[in-house]
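Trainee: Listed below, chain by chain, are the residues.
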Amino acid sequence: MRFWLLLLAVSVALAGDVSTPAIGFARSATGDIWRVSGIAGAFVTESTELNGAVSAGFSTALGIVKFGDTVRVLNANGELVNESSAPAGAALIGFNAKGDTAAVYYEAAQTLTLWRDGEWRDVPFSGDVGRVAAVAIGDSGSVLVAVAGDRLSVVSVRVSDGAIESMSGAGGAPAGPVLLMPDRTLLIERDGALFVRDRNGSGQQVPLDAEALSHMGNGWVQARTASGRHVALRLANQVQIFELPEAQ
Amino acid sequence: MLARWILLALAPLSAFAQIQLVTFDGTVEKAVGAATDLGTVAAADAREIRFRAHNTSTSPVVLTKLTASGTGFTITSAPSLQSIIAPSNFIEFRVHFSATGEGSYSAPLTVNTAQTLLRATVVPAATVSVVNDVVGSVLTSDSALDFGRVQKGKSSSQTIRIGNGTNSKLTIQSCAISGAAFHAPALQCPIALDPGAAATIIISFDPATASAQTGTLLLDNRSFTLTGVGFDPPLPKPSIAFESPLASGTQQRLSVKLAATAESSGMGTVTMDFQPAAGTADDPAIRFTGSGARNLSFNVNEGDQAGAFPAGVDTVFQTGTTAGTIVFRVKLGDYNEQFSFAIGPAAVSVDHTVASRRVNDLDVSITGFDNTRTAGRFAFTFFDKNGQPVQPGAVRADWRDMFTNYYRSSKTGGSFTMRATFPVTGDATQIAGVEVEMTNDAGTTRTTRVSF
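So the protein lines, in turn, are chains A and B.
Using this note's numbering, read the first sequence as starting at 1 and increasing by one per residue.
Using this note's numbering, read the second sequence as starting at 1001 and increasing by one per residue.
Just so you know, not all the hints are guaranteed correct.
As the list claims (entries may be wrong) - Here are some chain B residues pointing at chain A (derived, C-beta under 7 angstroms):
(1) 1320
(2) 1412
(3) 1418
Said to hold, decoys possible - Covered stretches of chain A, as calculated for chain B (at least 3 residues, CB under 8 angstroms):
(4) 32–40
(5) 132–141
Calculated directly from the structure, the hints in this document are not laboratory data.
From a predicted model like this one, the values you see are computed outputs, not experimental measurements.
Ideal placement from N, C-alpha and C gives every residue a C-beta, glycine not left out.
Bound conformation, chain A alone:
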């Protein structure tokens, strides 16, 4: 009883705060980075000073924005943490569950790097297992690589030496973009629909002709459709789909 009284007495004394709900960040078709705030279905999208990004991905704690030949690391508020030179072209970006570590795969150079503890670290991944379609960082700290060949597989790559620790099938070959979550959930574009497949192989099908998929942060995924729509997907027990307004 004394414990609870103490608990309650202290809790009342220390009120919290109230702030703008942050959804994350999104990338427009032309490479503009938008800040997304509000709540599901009542998004407020605002332009940022970041333009011309060729790829981008955001977690709750990090943002990775790939430009032509540089890559920037942002914090949760979108502030610059690091900028480094990087191979030209687009990049595949994934995170760990906590969102404080990022894996980046440069498609043209076929190199895999890791942003962890404030620095970049190359992962000696040979990439000869097939076309890399998505990356993430698993619970054990290994880099998860979704590889597309005749079929889609998820490969666990050891960070220290690039050795393949395991490989598991993940269904048929994708027809479009793929996104990989730290818990091995896959978002796979196939035949004009988006399949959300959990690590056990079960999942949902969402009628969405996604042309590009990226992490927005806070459990949200951005899908850009062939018709130019920006869609925000909330990954929950049932995937929720919302339209993302263009930033003004």
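Since the structure of chain A is provided, determine the placement of chain B on it from the hints.
Mentor: For chain B alone, coordinates are given in the frame of chain A:
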């Protein structure tokens, strides 16, 4: 002495050669000779010829005389006398001829010292007139038969009477109508007309496009200009429809319905305005997702029963998180319709609640919206592992001032994330869950139990 003689000898010739007359058909100039024949002209018809008088000298010439002296001939569109014709330049005028009596007509046309003899022959011809309810009006070949404005796809017709007012039999050997929008199915030649007899034909104007259109009715060598303007049918009255009644915090699909099938194409716009309820402010989340703005264009094509947005038959908009009235204005054609929808005050809506435990703290985070912006009264009830409320029950807090300050500068409408930290001095792991009650002016909301 010799030079003076030469100048005197050349002076009259020079003056005569200063003006050269030509006819002009709109494209080509043709030098005129001693006589200019206007040809055969039907009685009561008219003929007009464009002339140009060129100054072929190297000095300016003053226009001192411009006459056509003869019955039936008149000069029109001429510059005034004393006008200056610059070297290598010209003036233009027209000679109009019209006469009712049969026979040959002539008149000298004089421009300063240049001259040509105008000639025309008037022959008997049928009288072409428009028949209407009041009085028929005679058509001449220089007048146009105007059908006025006719809606595309509709038709307007006029009855033409071709009468023989002469004492001899007339035969119109050839007749035709040109112009895609003009039709006269019963027009057939030859048309033989005894003295006093008449034939009627019906000409219709059936515009298939929305534009000014011309045609010609040809009766032998006489032509009558037909004119008309086709216009698009008015676009139907628009209205809007939603999937479900409007409420805060939702994305809705809006479609524009048409009161009738569109008979023409056009573009419209839908505009959203928001009138926030008292005590609240504008909400930037209220907008169309397709444009990211509060207006959006749509198209209507012929045959459509609804507007077509860039993304399809409907478009998505956000209702925002603020109570008030959303006003949609739909502009289409002549219509400017307005539709107002009230978004009523509602209790706080919770998007998600997160409860987390640190060593000596319990954190509770609630993200949601308050469309009245009067939230701030909270009650936290903690539960132990057996699901029993922890004594002494709900911990109440009044953070209305904090919320008021937040909403004063909020750029996301009524949405908020509230974080509260509860320090624990004992074994925090004994606390298993929390329920939060939030009260605003519209009511009270209680979250489901959230586990730590």
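Trainee: Are there three or more residues in the segment 132–141 of chain A whose C-beta lies closer than 8 angstroms to some C-beta of chain B?
Mentor: Since 0 is below three, the answer is violated.
Trainee: Regarding the hint that residue 1412/B lies at the interface with chain A, is the smallest CB-CB distance below 7 angstroms?
Mentor: holds, 5 angstroms
Trainee: Would you settle whether the hint for residue 1418/B is holds or violated, based on the nearest Cβ-Cβ distance to chain A being less than 7 angstroms?
Mentor: Result: holds, 5 angstroms to nearest chain A Cβ.
Trainee: Tell me if chain B covers the segment 32–40 of chain A under the three-residue, 8 angstroms CB rule, please?
Mentor: Three-residue rule met by the segment 32–40 of chain A, so holds; n is 4.
Trainee: A closest beta-carbon separation below 7 angstroms is what the hint needs, so does residue 1320/B meet it against chain A?
Mentor: Status holds, d = 6 angstroms.
Checked against the numbered hints above, the structure violates only hint 5.
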